[in-house]
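Participant: Fit the two chains together into the complex; they arrive one by one in their own frames, and the hints show the way.
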Amino acid sequence: MPGPSGTSRAPYLLVLPGWIWLAIFFVLPICGMLSVSLMTGNVIDGFGFTGAVGNYAEALGGYWEQILRSLLYGLCATVLCIAVGYPMAYWIAFRGGAHKATYLLLLLLPFFVAQVLRAISWKFILADNGVVLGPLKALGILGPDAHVLSTATAVVCGLAYNFLPFMVLPIYAVLERVDHSVVEAARDLFASRTQAFLRVVLPLSLPGVFAGVLMVFVPTSSDYVNAAVLGGTHNTMIGNVIRTQYLVNNAYPTAAAITFVLMAALLLGIFGYARALGTEQVMEVQAR
Amino acid sequence: MATTTQREPGSDGAAPAGAAIALHGVSKTFRSGQGEVAAVRGIDLEIQRGEFFALLGPSGCGKTTTMRMIAGFEEPTSGVVRLAGDDVTGVPPNRRDVTMVFQSYALFPHMTVFDNVAFGLRRRRVPAAEVAERVGAALDLVELADRAGYRPARLSGGQQQRVALARAVVNRPAALLLDEPLGALDLKLRQAMQIELKRIQREVGITFVYVTHDQGEALTMADRIAVLNNGVVEQLGTPAEVYERPATRFVAGFIGTSNLITGTVARRDGEHADVEVGAGGHVRVRTATAQGERVDLTVRPEKVRLGTAEPGPELCRLRGTVEEVVYLGSATHYTVATRAGAAIVVFQQNAHDAQNLAERGSDVWLSWQPRHTYALPG
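These protein sequence lines are chains A and S, in that order.
No gaps in the numbering here: position 25 of the first sequence is 25 in UniProt numbering, and each next residue is one more.
No gaps in the numbering here: position 294 of the second sequence is 294 in UniProt numbering, and each next residue is one more.
Just chain S, same shape as in the assembly (with noise of 0.2 Å):
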């Protein structure tokens, strides 16, 4: 048996014990009218035993058909699926030990909470007397043990969108799978039910898979992230990694705010290089582009300071003027347009010792330490 360390996706074909679910070159390609349509194309993943794994991206990007390919309800065109270790192609949904947490919930109208949240441990011919003591436990867990004998249509959707996670939960399966579970909730219920769900999580110890289009949300719970473009994982790691040093273009793109910077390579120095970046601008990065080459650069707007005074020589650096002050409270977002053209946005803690650092129409410094840029591939 190999041992349970956390291996590099899809650096060999054998699934580690300890991965809970194993994708390996998994694609799917769907036939319309039209011709074939690749939803998914070569995904190889491995989620770990009790992970809150996020499935990120936009809507289109194959997230959705990977999880169905995982509880399955598709089967992939090609590439294995793997529960628990065991190859589970051809294996129908009612015999896949993971459990799924729709969109629009699902909920049979035809029966109360409680018979909606027994249903598959009465397929699984649990005896009765244990169902109503784990459904008991499932719709505390979810705080709706009042609710049992309601139908759904008297329940809100909050509710609802509980019942439908008790109803999964109550099975112990090897991996949940959550498809945009709060997509149809409003803001300050989904914050709620991020908290809620992040708390059972920990209580039960179960896989989360999560599907979302939300970066935030995925940032906010999930241990690790898989960001989906096209079919293909663009990038898979931790928030902090996705979100401070984005892989692709794509990625910079799709998570949080990224100001985009394109310069000059003007002196190469071992693995770093000096890029011009108009009139005055300068910036340190990490690259292999060559001399004279140019290069597409990234920089999140909290790093970056913006002042009056020019910053020291170690610091990455751009002249600008403050376009657009936007007043957020406990932050402020300025955007500034610098020589070379682009528009940089800035973000600035209002903490105690903050002042109005600038006017619109004033011209400014903005700086940052060079481990905060990233060279993003052509």
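So here's chain A without its partners, still in its complex pose (with noise of 0.2 Å):
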């Protein structure tokens, strides 16, 4: 029966079928995976709880290198990410003008291509005697050994490539709510245009670039795609792992206990830069 308190109770209901879908899709699993983790066994003969912590030790043991390079590589995706993303955002949202759908727009449309694809054809364009190697040898500026393909640059220029869209939007949602006449006053009270940018319009797209590094520092740092297409045996990430322990292997414990490394790795690291960043900033400090 419809009522005030039917009414009072609708957001509850409304939110009850998002809870549903975290219990069902990621609560249950990460407990699966958590009691995989800690399990021994084989495929032939079955796994078993063993509360085996040893998992952990060889995760961490085994693969720690691949681990920090994983770490490194989401962090120099992440960082050029914003390099190249922050000043598309900030020309789209202060430059877009009647346009900035259309520009939206462009940036996605390499997106609508499959993600495989896309890293494959990075693969034909970089390769050693591709459409960018091969005149730059004929002309003499690079030496006939020079490759980009197989070498940390090429995985995380890849992953950048990949994940710039992730950074451009939540910097561009940001800056576009930023009110212009706050950049004018600070132009009218003596600041340069670069001080401009420094005290007012950066400190205050902050959020949106918190959101970006989430969004773009956490997928890049477990991807597998980029290193397995671009890279070369020294580029293994801790994605490729993960991949051929649970795939290849079958070692589903060493697997599962290797996801949960990772994923304290990442969470560590993001609520390190919350930290270091500031609750203030991190959050909206947008006056409206």
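If you're looking for bench data, these hints aren't it; they were derived computationally from the structure.
Think of the CB as a built atom: it goes at the ideal place given N, C-alpha and C, for glycine as much as any other residue.
Treat the hints loosely; a few may be bogus.
[Unchecked claim] Part of the chain S face toward chain A, derived, beta carbon under 7 Å: (1) Thr89; (2) Pro93; (3) Asn94; (4) Thr99; (5) Met100; (6) Phe102; (7) Thr112; (8) Phe114; (9) Gly120; (10) Arg123; (11) Ala128; (12) Arg190; (13) Tyr374.
Facilitator: Here it is as structure tokens:
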């Protein structure tokens, strides 16, 4: 029966599917994974819960190098995304005029192509005698042994390319809401263009940068497609390890343990970053 | 050097040394998708040091564009802006010694009140001790010293307004530009802030250029008013001049309430003319209109006296019937339908000797001194 109590309960009822979704597809699997990470056994004899903390020791001891490399690659890709994406977001927000939506669509257009296909295209473009290196080598600008593929550079660039929109969009969303008269006020109060940007626009856009970092750093650090396609044997990321352990070696407990170690590392990194920025910068400070 | 006498604006190209701000033949045309829009069309103004100057006009009259050209956010399409005698064409806002109080306040939301007010001083590399002292004094001036550590979002609209004012005043600029600063406040707060602004202007002695569409605000606060319409100055003068002697039909209609009366010149007598208005109506006015021609006249509602006895022959007079009586406590407003057709509004103070002068439907005489009537140009 609809009544006053019914209307006040409506928001909770509406959010219920979300909670159920999270419970079924996040909380349950993560609990399952946690228990798998503490199992021992093999595919033929089956796995049993033994509280094997040793899996974690194996994950850390055997793969710390790939974990660190993944975090480093993720960090480099994130920084690259900020360097490329911030000016793009700024330009669209402040100079986009009536065509903002068009520019955003152009930004997203490449991502209508499947991710694997995009990585393979990069492989084609960056090939040792491909469209970029070939002419440079022919002109003698690069030596005959120069290569980009199978290097860390190729992997980081591939990661940055694939996750650029996740940096641009949140920064754009925040910049778009910055009151233009606030920038004018800074200019009026004797700030040069550079000072107005550094003292007013940049601090106001930090919540967007934070969101972008979150949305780029986390998935790039655990990505495996780019390392698999663009990297060589020395560029293996933890995502590749997990994939191999799980799908090739069928070492489910090890794969699960590595996953949790990676999660912990990412959470620590993000919290450290949030602390360093300060909660007020992470939260919206925009006065409306 | 020129002396600091006040000249007719636009009478010549050079700014006198006393003018804090001078505009000479300033125009601004904006290009839009449809074509060109002339926002300001040839404005000449000289604003004196220490003056409280109002730019008054309806929205779209060019007053904000004019102010933004003084601040440096827009460059004139033609003409020259001078600050303290110097041509500032091409000088960016941060190199102009004027500061602006924005309509939206434009406070920096990520900074405390103190840091907001200190912003301009720090950009000018004022030593920290002096910054603290001057910011403290500015916050005292606007009575917000106890809110120095707050973020703007935690302040009320009126408090934010005062922070914006302190942030501009603290730099001791040659002129302060205020863009409808009280527009977002409610009536009571606005009236309090009007008095407050006047006090602050007196205390700091800075030239104030005040942009507003509110004629009451301009009349209350300004030393001089420029009434703008369609990108040109319709009239420039003191509040009393602009109110008592509107130069154009627009000014008469825009400032205060005006009665518009149309009549025919019956007889000329030197500079004056006797104008017949309907049956029995007779107005004497200074005008150049020729005999037999139609002429538009204006008279303020509070100048008109309402009575039952026929007024003396030296007075302007109309005959009419009371249509509406609105009692307002301190005054009564009458609307009188005249024989000439036009309805005349009359404000009558309810002074100690005033009685209920007329009721709805009663026939009355309207009269006023000839010096209160003005003929409006075509």
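Participant: For every hint, state whether the structure bears it out.
Facilitator: Comparing the hints with the structure gives:
no.: 1; hint: Thr89; in the structure: violated, 17 Å
no.: 2; hint: Pro93; in the structure: holds, 5 Å
no.: 3; hint: Asn94; in the structure: holds, 5 Å
no.: 4; hint: Thr99; in the structure: holds, 6 Å
no.: 5; hint: Met100; in the structure: holds, 5 Å
no.: 6; hint: Phe102; in the structure: holds, 5 Å
no.: 7; hint: Thr112; in the structure: violated, 11 Å
no.: 8; hint: Phe114; in the structure: violated, 14 Å
no.: 9; hint: Gly120; in the structure: holds, 4 Å
no.: 10; hint: Arg123; in the structure: holds, 4 Å
no.: 11; hint: Ala128; in the structure: violated, 16 Å
no.: 12; hint: Arg190; in the structure: violated, 20 Å
no.: 13; hint: Tyr374; in the structure: violated, 40 Å
Violated hints, listed in ascending order, are 1, 7, 8, 11, 12, 13; each of the other numbered hints is respected by the structure.
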